[in-house]
Amino acid sequence: MSILQYAFMQRALVAAVLIGAICALIGVYVVLRGLAFIGSGIAHASFGGVALGYLVGWNLMLSALGFCLLVAFGIGWVSRQGKVREDTAIGVFFSSTMALGILIIGLLHGYNIDLFGYLFGSILAVTQGDLWWTIGLGLVVVAVVGVFYKELLLVTFDPGIARAMRMPVDALHFLLLGLLAITVVVSIKVVGIVLVSALIVTPAAAAYQWAEDFLPMMGLSVAIGIFSAIAGLFLSYWLNTASGASIVLVSTLVFFCALATSRKRRVRG
Amino acid sequence: MSSTAVVELEHVSVSFGPVVALEDVTLSVEQGEFLGVVGPNGAGKTTLLEVILGVVKPDSGVVRVFGRSGDEAGGNAHRIGYVPQVSTLDARFPIRVLEVVLMGRYDQIGLGRLPGKQDRLLALDALRSVRMEALEKRPIGQLSSGQRQRVLIARALVGKPELLLLDEPMTGVDASVRETLYDLVNELHREMGLTIILVSHDLSVVSKYVDKVACMNRRLVAHGLPREAVGPEMLAATYGDSAMFFAHGDVPHLVVEPGCLVREMEDGSGEGDPDEEEGH
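Protein chains in written order, with our numbering: chain A, 1 to 269; chain B, 1001 to 1280.
Hints in this document: simulated from the structure, not taken from any laboratory.
Ideal Cβ placement from N, Cα and C applies to all residues, glycine included.
Where hints are given, some of them may not hold.
No more than 20 Å apart at the CA atoms, straight line, and that leaves these computed lysine to any residue pairs for SDA-like [said to hold, decoys possible]:
| no. | chain 1 | residue 1 | chain 2 | residue 2 |
| --- | --- | --- | --- | --- |
| 1 | B | Lys1057 | A | Ala171 |
| 2 | B | Lys1137 | A | Asp213 |
| 3 | B | Lys1137 | A | Gln209 |
| 4 | A | Lys83 | B | Pro1018 |
| 5 | B | Lys1160 | B | Gly1116 |
| 6 | A | Lys83 | B | Phe1016 |
| 7 | B | Lys1160 | B | Glu1191 |
| 8 | A | Lys83 | A | Asp170 |
| 9 | B | Lys1160 | A | Met167 |
| 10 | B | Lys1057 | B | Asp1024 |
| 11 | B | Lys1057 | A | Gln209 |
| 12 | B | Lys1137 | A | Glu212 |
Label pairs and their computed distance ranges (CB to CB) [stated by the list, open to error]:
| no. | chain 1 | residue 1 | chain 2 | residue 2 | range |
| --- | --- | --- | --- | --- | --- |
| 13 | B | Leu1121 | A | Gly219 | 21 to 27 Å |
| 14 | A | Gly146 | B | Ala1175 | 42 to 48 Å |
| 15 | B | Arg1113 | A | Leu103 | 44 to 50 Å |
| 16 | A | Phe256 | B | Ser1069 | 55 to 61 Å |
| 17 | B | Glu1179 | A | Thr252 | 45 to 51 Å |
| 18 | A | Leu139 | B | Arg1131 | 42 to 48 Å |
| 19 | B | Arg1138 | A | Thr252 | 30 to 36 Å |
Build out the structure end to end from the sequences listed, making use of the hints.
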């Protein structure tokens, strides 16, 4: 295809496919454990991380990553204290970190920050350096999921029995939050802070409708994520629309197809 | 206490914040014993199991399981099979029967490794012992709750435990299926020589099968042979005064007004004990 002659388009395609796959992989745990809101919270927190990176002059990817990990663990820790519910903790972190980002950007007048790009994604601005970050962190996510496959499955399916089997359930929960934070950070440049949680949740939600076993759900989710990335990217090229939004809408379309054709019967009592 | 005791609790108390779950419970379970633990909702029955599992640490008192207490007790995990309440299970989770049973072996398979052929054979064995081998490929969402309960029992059995803990295994299970489930548990008890602790609020049925009954309402109200431990005074102490009992058969049946299930109990309410335990 002729559009792939352009180097930026090749980079965009590789980045989109990688991100589509990683988001869909982590999305399986997010959907099955009901972590959608925390994912969205971490994504919004990354705005504070990016702004902080600008202010201090650090690598933006690294500062966003550090900040998101801090927020993810902070939410996990505060809600484990039992003084507030988890969704309340997310609500507090979510808006305060966003507010911090806005405050910092206000302090940085004179700087020309591509706010729109960070909020809604600009895949065509993906640099070779970004691509390496995506590949590196993506491999970390895949490797950790591979190594802890059984353990993550068990704490997702039945934390009670995992605890009875003396598995480090809390540590595994934090591990999952860490993976979620990494996934969010590598994705924001492509799909944007506002849209990344959709890319995490939607392919897995579609796969959930079709799959009857865990590993097939994972495979299906990743396949839907990759398909949405490719189809969305080409659509955005042809229609001259925002790439992140196009990718998300393709996956949403797949989700509604799944919902309509779902073989999932009503659960018997 | 006797050296064949699998579980020994001495003056165990557990609170969650201001809520007292267990108060000064002293109890021992012998090897090969089938103990039924009965009591109303909120009586600390599940907490009792969690204390035995080592998931909940007591505020005071000593818990010894297979002779180990405190930090050593972590080594007991593979010797105990735990069947949680079936309602805690997400039936819409996309997973098949065999995979659920295999989870019972996850702690014996190294990090980064998947279950192998040997694990699958053991899982099929466990499914066979609960007569579910024909449904190994069924997603759990397509099972009845009685079948789902069997899967959970198979998962607890696959680790070859010596002690089996069952938490309300009959809840949500059709009355017609209950008897077969009890027969199954009883069979495991007899044929495998398993020590079993079964928690239930279903006093009348439990008493038919178990060797001993422990009646709880945060405190241990009575402990002994079913026909000795279960008398009107003890029932009143366990369930409150507004419970009514029908005596037919060996063990009185029980009717309780729902609002009266969790009542404050006065100290010394266990004085009606027909035998043992309180003196420890």
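- Task: Starting from the hint list further up, note which numbers the structure goes against and sort them upward.
- Result: Number 11 only.
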